[in-house]
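Student: Chains as they are written, first to last, in this note's numbering: chain A, 1 to 629; chain B, 1 to 221; chain C, 1 to 278.
No lab work stands behind these hints: they were computed from the structure.
For clarity, every value in this text was computed on a predicted model and none was experimentally measured.
Some hints here could point you the wrong way.
Stated by the list, open to error - On the chain B side, residues computed to face chain C include the following (Cβ under 8 Å):
no., residue
1, L86
2, A88
3, T90
4, Q102
5, G104
6, P108
7, T122
8, G125
9, K126
10, P127
11, A135
12, A198
13, Y200
14, I201
What the hints assert, rightly or not - As a list, the in silico SDA-like pairs of lysine to any residue whose alpha-carbon atoms are at most 25 Å apart:
no., chain 1, residue 1, chain 2, residue 2
15, B, K6, A, R533
16, C, K235, A, R533
17, B, K6, A, M267
18, C, K260, B, K6
19, C, K235, A, N501
20, B, K219, C, K235
21, A, K84, A, L258
22, C, K212, A, L258
23, B, K184, B, G44
24, B, K126, C, I248
25, A, K574, B, V12
26, C, K267, A, A578
27, C, K133, C, K260
Cβ coordinates follow ideal geometry from the N, Cα and C atoms, glycine included.
The primary structure of each chain is shown beneath.
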Amino acid sequence: MSTVAISARRQPTWRKLIGFNLLTGIVLAVVGWLVGSWIGARIHAPSLDYFSDTGENDIGIMLGYLFGVIGFLVGLGFANYPIKRMLGHPASLAEHESEGEGALRYFGLCTDHKVVAIQYIVGIGVFFLVGGINAMLIRTELLQPNVHVFGPNQYVTLVGMHGAMMMGMMTSGILGPFANWLVPLMIGSRRMAFPRIESFTFWLLMAAGVVLVTTIFMGGFQTGWTGYTPLGTQGTAGYDAYIGFFALVGLSMCLLGLNLVVTIITMRAPGMTWNRLPIFVWSVLATAVLMMLAAPMLIAALLMGAFDRTVQTAFYLASAGGSAYLFQNLFWVFGHPEVYIVALPGFGIVLELLPVFCRKPLWGYRLAVAGMLGVALLSFFVWQHHLFVSGINADLRPFYMLSTELISLPTGFIFLCAMGTMWRGRIRYTVPMLFCMGWAFNFLFGGISGVFLSDVPSDVTTHGSFFSMAHFHYTIMGGLVFTLFAAIYYWGPKMTGFNFNERLARIHFWTLFIAFNSTFGPLFALGLMGQPRRVVTYPTNLQALNDWVSVSAFVIGLSMLVFLYNLIWSMVIKREPAEDNPWDSKSAEFQLPTPVPLHDFDRIPVFDSDPYPYGVEPAPVLTPTTQGA
Amino acid sequence: MSGYAKRLTGIVIGAVVVCVLLGLYIGVYLSSQPGSASAAQSPGGVHLYLGTVPASEGTDPHPSWVSYYAVDATSGNWRHDTTFVLPANTVVTVTVYNYDGQSGLRNPFISQSEGTLSGGFTLDGKPTRTVDPDAASHIFAIPQLGVSVPVEGVTDDAKNQCANAPCPLSTAHTTTTFSFRTGKPGLYRWQCFVPCAAGYIQGWGGPMQTVGYMDGFIKVV
Amino acid sequence: MTGANHWRRLVLWWLGTSIVATLLVVLVLAPIVPPGNGSVEASGQVVDNTVLLGVSTPIAMAVLVYFIYALIVFRERDTSAVLDGPPIRGDARIQTWWLVVTTGLVLFLAGYGTIRMLADGAGGGQGPNPIAKPTGASRALQVQVIAQQWKFTYRWPSYGGVETSTLELPANRMIAFHVTSLDVIHSFWAYQLGVKADANPGFDNIAYVTTKGPLTFDIHCAELCGVWHGYMFEKGRVVGPSQFSTWITQQRVRNAPATKSLPPYSKQYFPDPQRRGG
Chain A
1 MSTVAISARR QPTWRKLIGF NLLTGIVLAV VGWLVGSWIG ARIHAPSLDY FSDTGENDIG
61 IMLGYLFGVI GFLVGLGFAN YPIKRMLGHP ASLAEHESEG EGALRYFGLC TDHKVVAIQY
121 IVGIGVFFLV GGINAMLIRT ELLQPNVHVF GPNQYVTLVG MHGAMMMGMM TSGILGPFAN
181 WLVPLMIGSR RMAFPRIESF TFWLLMAAGV VLVTTIFMGG FQTGWTGYTP LGTQGTAGYD
241 AYIGFFALVG LSMCLLGLNL VVTIITMRAP GMTWNRLPIF VWSVLATAVL MMLAAPMLIA
301 ALLMGAFDRT VQTAFYLASA GGSAYLFQNL FWVFGHPEVY IVALPGFGIV LELLPVFCRK
361 PLWGYRLAVA GMLGVALLSF FVWQHHLFVS GINADLRPFY MLSTELISLP TGFIFLCAMG
421 TMWRGRIRYT VPMLFCMGWA FNFLFGGISG VFLSDVPSDV TTHGSFFSMA HFHYTIMGGL
481 VFTLFAAIYY WGPKMTGFNF NERLARIHFW TLFIAFNSTF GPLFALGLMG QPRRVVTYPT
541 NLQALNDWVS VSAFVIGLSM LVFLYNLIWS MVIKREPAED NPWDSKSAEF QLPTPVPLHD
601 FDRIPVFDSD PYPYGVEPAP VLTPTTQGA
Chain B
1 MSGYAKRLTG IVIGAVVVCV LLGLYIGVYL SSQPGSASAA QSPGGVHLYL GTVPASEGTD
61 PHPSWVSYYA VDATSGNWRH DTTFVLPANT VVTVTVYNYD GQSGLRNPFI SQSEGTLSGG
121 FTLDGKPTRT VDPDAASHIF AIPQLGVSVP VEGVTDDAKN QCANAPCPLS TAHTTTTFSF
181 RTGKPGLYRW QCFVPCAAGY IQGWGGPMQT VGYMDGFIKV V
Chain C
1 MTGANHWRRL VLWWLGTSIV ATLLVVLVLA PIVPPGNGSV EASGQVVDNT VLLGVSTPIA
61 MAVLVYFIYA LIVFRERDTS AVLDGPPIRG DARIQTWWLV VTTGLVLFLA GYGTIRMLAD
121 GAGGGQGPNP IAKPTGASRA LQVQVIAQQW KFTYRWPSYG GVETSTLELP ANRMIAFHVT
181 SLDVIHSFWA YQLGVKADAN PGFDNIAYVT TKGPLTFDIH CAELCGVWHG YMFEKGRVVG
241 PSQFSTWITQ QRVRNAPATK SLPPYSKQYF PDPQRRGG
């Protein structure tokens, strides 16, 4: 952990608590919530009679969330910079990246991209844990064919919470920690283009997560993570939390994407041409573009939903002139790019790691880039395959069938590049490499099962069943989560300065890999045997298979505990210092000392090759440029 | 070593906090399950007495929500329980005292009773098979057992209407009686089909979507 | 070993394993893949699944065989020093061939799926103006499926607009399901018949199916519709034509009181309350 000694006078502890920090943020969040609720009650109660009937004040809740989040962010100090600049003052030093020392930097607004990355991985990790606990509870309920632990209300809320946690919070699961940490280092920049926005996206995401958890005190939401209306519109106040959560996530995603796109386009060091950009940065670029373009659609869709619930518009209410299809369309225009936002960074990680562990240059660099950009482009043209049996635009089904299946071309490029890189390489079975191979196996079956879902006749049976559920777990969990762990084991020691226990890491991989396939493989069969998604009951003849799946799911949970133990043991307790370049990588970030210094590079480096000069040249020398800082 | 001890303490405290928070989180899901009420066994057979009110009792978390109640026939006590325990393979006579007004059905078809022993039900003592779809206040339906009986509402101009549970029999109400035979042991659901959730879109949110108000379980043992 | 030798061995391994695997999948797995032979459309889906399985198995085997081969043969045996592999950065021929082959496969799959779908609609919901009509669709028996929270009911325009709470269908007859909803989005899934069509409020979603012999089939709601979504299931039956006409006549008599109060048959319904209930 990089700390910097600064000659500030010591302050008494109580004085440190006053100012723009996390504590102030939480206090102002509560104040904001109260103010919003009060305003909401003033507007709502006199003008709309349903307030007294339902006993729920949707306007108050929405305004409460809005003001609460604003209060939280103001308390953290995000308003200082724009206000000072508007008043003509110089910017405050309080958010300067070198300000503060030690652990406190991790609990507030910090503009050091390495600190934000650590904040992201811990913050998202907490919500990943909650999402995982939800999955365990879901599988507990499904141990028996009838309701036995949770009621149906609690069950659908659990399903929705699991989906929303995983699809909302984990969207930034790789980009948040790893793109923020790696992109500046890989392209030879000392920071992101917008360091305050970088920190802003993180704290916004945390606020979103807290907003989602509040739903359980308001009756939960019955819609699953897709939030279809009019079911959502008729739901209890818990659905307000869903709207608030996903809108904040959307805003966070959009800004994160914007920041990354601008950084990659404008902040590259001399010599870092588009041909030399590490493939991980290309995948980040493709993902960031998707985030930037897709998320506003989600925000718009949710805003209309919020208006339907509060001020009685009827965007989604067919009986009052709206359309239930509108939300489905808007949601999936966002939602399908969303699943590639989740998958693409994984492609980048695998192709970034394979050259290191096969000791070969990346095979077919341009093809890989084309694959990533192709996936990004095509993902905007496939969303109606989620609506094949919905009856809308049935004439367009052949087009969406074609466009969906076309996505397997660029995805195939990624596989070809991975296979080409392994060709006659010198493959070393390190833990990150194992996770990459796990990705290849899982994503292969995820992709092939996707062919069945993209084919209309086959989709008639598989749509909305456990088959499609198994499919997207193979691509998202098998894709995102496996590559996330590859990245954690690969870059984690570099980021924190401490090594993982390798034995535990291997146990983690093998239990996770086997239990993952043992969980989601049978779900294909369950779907084909007629079990719809999100049901709390199922026919008794499916119990054996469901119990098998549940037990396997608990083993996944155990393997995650092994990881958690390894993480805490290695990073906090044992603390075995990591080498500068444990994997003999030729990538730029591994040429820096461990831990990476506060300002990354003493001088802006000059690149004279791509990061994969294996087999021929010596490692690229990061020559200092004469241009200076 | 003091740094080591410090970190260890931090970990222990952190682990305890996380475990407590997760425990609370899971606890929220496990709590708020509605209670259960058994049918009254008497020489005349098994009787289940239910009451429906336009608004729950004042101490309920949702005092403005419409709800079913289990009514104790002897003491006249009202209990906010919606899991009804019935014996298996037995004829159960259900009496619904309805104090709620008329809402009307989304699908008028359901105004016709189904699955009862007599082929119909009695409304205030008169045998019938249907109610006026617009006069329906609630439905008591157990879809898995094929039972569905409409409950007529109190007219708008009725005198001495009851607003909140519990409602005494002296206030305006309708009485619906029917009997059906329970099947083999198991957990069945029951629900209302009238859009009676005031203030929610299409009258179908809140109490209609929350087990413990207009929905619940029949536990056949 | 030379590159050509690796190639030869890979191709042989692939041929061997994929012939075995494809035969196993097509002959053993595909026949038991649901939805079975409950209707013409269901059988069509089985054929479709068989073709998809037959095409995708060799592809999966190719990737799997390559990965396993590479992981075994190209593994680093000498871990004492870090040695680099040959600096191969690509091969235009392989890339071109890969592109050609995968494009061909994708176009075949999309074309095949389109042809199969256009033949009879494959049992899927197609909206109010279906383009994929099976031959003789105009003579199909019209059955309206009315979904509401949390129940399906069925309305029969050709039998006096009677509504029933259970579903029985005549055998060997083409059925046109008109699926609609009174409140939120549901999905009518008649599993053994291979029918799935979303029920949208204010929308007429048509799905065709041609029944075969008598059977009992499962009906599920396949779109999350609220708290009792998991309980929205029931059984339907396909029965002989004479049994069906007896059943529908009985239903008309039995449900006559309710039929009187039903609104006139319509493609969609907007019952009160249309907005907030009270």
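Student: When the nearest CB of chain C is found for Q102 of chain B, is that gap smaller than 8 Å?
Tutor: Violated. Min distance 11 Å.
Student: Given a cut of 8 Å on the nearest C-beta pair, is the interface hint for L86 of chain B held or broken against chain C?
Tutor: Not OK, violated: L86 of chain B not within 8 Å of chain C, min 18 Å.
Student: Check whether the Cα positions of K6 of chain B and R533 of chain A lie no farther apart than 25 Å.
Tutor: Not OK: K6 of chain B and R533 of chain A at ~47 Å, beyond 25 Å, violated.
Student: Take a quick look at whether K212 of chain C and L258 of chain A sit within 25 Å of each other, Cα to Cα.
Tutor: Since the Cα atoms of K212 of chain C and L258 of chain A sit roughly 57 Å apart, the hinted pair is violated (cutoff 25 Å).
Student: Hinted pair, alpha-carbon criterion (25 Å max): K6 of chain B, M267 of chain A. Please report holds or violated.
Tutor: With Cα atoms ~41 Å apart, K6 of chain B and M267 of chain A exceed 25 Å; violated.
Student: CA of K84 of chain A to CA of L258 of chain A, is that 25 Å or under?
Tutor: holds (24 Å)
Student: Restraint: T122 of chain B near chain C, CB-CB cut 8 Å. Satisfied or not?
Tutor: The hint is violated - T122 of chain B has no Cβ within 8 Å of chain C, the shortest such distance being about 16 Å.
Student: Under 8 Å, Cβ to Cβ, is where P127 of chain B needs to be relative to chain C, so tell me if that hint holds or is violated.
Tutor: For P127 of chain B, the interface hint is violated, since the closest Cβ of chain C sits about 13 Å away, which is over 8 Å.
Student: Using Cβ atoms only, decide whether Y200 of chain B comes closer than 8 Å to chain C, and label the hint accordingly.
Tutor: OK, holds: Y200 of chain B within 8 Å of chain C, min 6 Å.
Student: Tell me if the straight-line CA distance from K260 of chain C to K6 of chain B falls inside 25 Å.
Tutor: Violated - the C-alpha atoms of K6 of chain B and K260 of chain C are around 79 Å apart, more than 25 Å.
Student: Interface hint check: T90 of chain B, Cβ to nearest Cβ on chain C, cutoff 8 Å. Holds or violated?
Tutor: violated (23 Å)
Student: For the pair we were handed, K219 of chain B and K235 of chain C, check the Cα-Cα distance against 25 Å.
Tutor: At roughly 22 Å apart (the allowed maximum being 25 Å), K235 of chain C and K219 of chain B satisfy the hint.
This entry does not satisfy hints 1, 2, 3, 4, 7, 8, 9, 10, 11, 15, 17, 18, 19, 22, 24, 26 and 27, going by the numbered hints stated previously.
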